[in-house]
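Enquirer: Protein chains in written order, with this note's numbering: chain A, 1 to 269; chain B, 1 to 269.
By construction, these hints were calculated from the structure, which means they are not laboratory data. Treat the hints with care, as some may be off.
Each pair may be met inside one copy or between any two copies, as identical chains are not told apart.
Unchecked claim - Derived lysine-lysine pairs resembling BS3-like cross-links, with alpha carbons at most 27 Å apart:
1. 8 x 138
2. 8 x 44
3. 109 x 246
4. 73 x 44
5. 175 x 160
6. 85 x 14
7. 27 x 253
8. 109 x 27
There are 2 protein chains.
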Amino acid sequence: MTTQHLVKEIKRKKSFLCIGLDVDLEKIPQHLLEEEDPIFAFNKAIIDATHHLAVAYKPNLAFYEAYGINGLKALGKTIDYLNEKHPEIFTIADAKRGDIGNTSGMYAKAFFEDLNFDSVTVAPYMGRDSVEPFLEYKDKHTILLALTSNQGAFDFQTQKMDGEELYKKVLEVSKTWKNAQNLMYVVGATKAEFLADIRKIIPENFLLVPGVGAQGGSLEEVCKYGMNGNVGLLINSSRGVLYASKEKDFAEKAAEVAKDLQQQMAGFL
Amino acid sequence: MTTQHLVKEIKRKKSFLCIGLDVDLEKIPQHLLEEEDPIFAFNKAIIDATHHLAVAYKPNLAFYEAYGINGLKALGKTIDYLNEKHPEIFTIADAKRGDIGNTSGMYAKAFFEDLNFDSVTVAPYMGRDSVEPFLEYKDKHTILLALTSNQGAFDFQTQKMDGEELYKKVLEVSKTWKNAQNLMYVVGATKAEFLADIRKIIPENFLLVPGVGAQGGSLEEVCKYGMNGNVGLLINSSRGVLYASKEKDFAEKAAEVAKDLQQQMAGFL
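With these hints in hand, go ahead and build the complete structure from the sequences.
Expert: Shown next as structure tokens:
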């Protein structure tokens, strides 16, 4: 999917909501456990109830890998369902991969060819040749971790390197990589005050922003400091939407939370 | 597996060789493609031919994910085969994972419980709470990326942070994490001259050393600067062993290369 297409969808739906499909079998309505594939049944119900309110879905790979082959089959069915029923929706494999060049190329093949996601999250620690194999794919997007939403972000990311925080160095250096136009960045909503500085370095790129909701980030602040002329934001909510109810009305309640977020977003557009 | 057990095996086999099971269907002997599961058939043949020469095997997840569900089934069969036939061998899931706390916990579950590996490689960029969920597991090991073997290591890892290179900061900070005794570190053989400094910071921990062979690192230098009283080294070879021959004699030729490496290693013990 092109960035232009994503921007068009954001304007059409008046939403820049991304829903994180992080399925935990201990948290979903227990009647779903009787289904043949409870993970896919849950995802399908959430997608059916919210696809008009969200522009992106983001399964985090950890939640599927934790359930072994069955989890990975459910992931495959989920991305196929999204690609078939809602090809206008942007899909993100939240995988935080990264390895030496030829190995990153295998990961790129896994996510962009085998699973056919529009984008994948990638960790920057191993540098240029660990990221460029992902950037080679036309109309696919590589979402690089810059400043994450967790407490551990202060261990290294915000520490100064040659007088400048590591995450800023990551932003600046990554701009020099081949096909850097295919880069987006992860910036946590819990650190919204950092967004003004970040926009000075990367005014144009899309930001994937986790941490609104359960983790305590403010939508208003993220929009104030992070929005650009193309909107440039995908705000993720996972637990807040998925687990709005643990009863049979879970999809309906998820849609209510998503609708509330979409309406707040419409106010900022 | 305990570290003591690993050290005992190293001394018994006079080897600290780790074989990287990075199976590329374009590189394996083409007659194996007629097998029902060519990836597992290849791994089984390599393991059968080399298990007396190696103390560890390290499948890199990218090579299995690139083949979708079939690749992941082959990975499951490979780790089960190792655990059943050779429980004395140390197993490494080279996955380079890392995410916010509860999500890293799901990855830990995937690799330590579902697949039952002895260890997993983890990226440090997201800091303490992205790594500690892995460290909680008793007798399981978390192998943190410190200084990798690729060119991109110079982009961030060797850049100075408060007067000290990022990889040294990672070593030092990680020592303060809960259950840090379960840490090992990745240090590339292509940067063997850095090992003396590294051993000043972490004299005791095991190092997983990729980059000997195809990537150009020297075994002698790694031993000179990196070995400690418990050996403290696992030297990985992937392509050099796996693809020693593309003919029907591939396993025999792989064993010859492994034997040569083992004998060189014996000379350093």
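Enquirer: With 27 Å as the alpha-carbon cut-off, assign the pair residue 109 and residue 27 to within, between, both or neither.
Expert: Result: close only across copies, 16 Å inter versus 32 Å intra.
Enquirer: With 27 Å as the alpha-carbon cut-off, assign the pair residue 175 and residue 160 to within, between, both or neither.
Expert: Answer is both: 19 Å inside a copy and 20 Å across each meet the 27 Å cutoff.
Enquirer: My question is about residue 109 and residue 246: at a cut-off of 27 Å on alpha-carbon distance, are they close within one copy, between copies, both, or neither?
Expert: between (36 Å within a copy, 24 Å between copies)
Enquirer: How would you label the pair residue 27, residue 253 (within, between, both, or neither) given a Cα cut-off of 27 Å?
Expert: within (14 Å within a copy, 51 Å between copies)
Enquirer: At most 27 Å between CA atoms: does that hold for residue 8 and residue 138 within a copy, between copies, both, or neither?
Expert: within (19 Å within a copy, 51 Å between copies)
Enquirer: Classify it for me, residue 85 with residue 14: is the Cα-Cα distance of at most 27 Å met within a copy, between copies, both or neither?
Expert: within (20 Å within a copy, 58 Å between copies)
Enquirer: Is it within, between, both or neither when you check residue 8 against residue 44 at 27 Å Cα-Cα?
Expert: Result: close within a single copy only, 24 Å intra versus 51 Å inter.
Enquirer: How would you label the pair residue 73, residue 44 (within, between, both, or neither) given a Cα cut-off of 27 Å?
Expert: both (14 Å within a copy, 25 Å between copies)
The structure meets every hint from the earlier list without exception.
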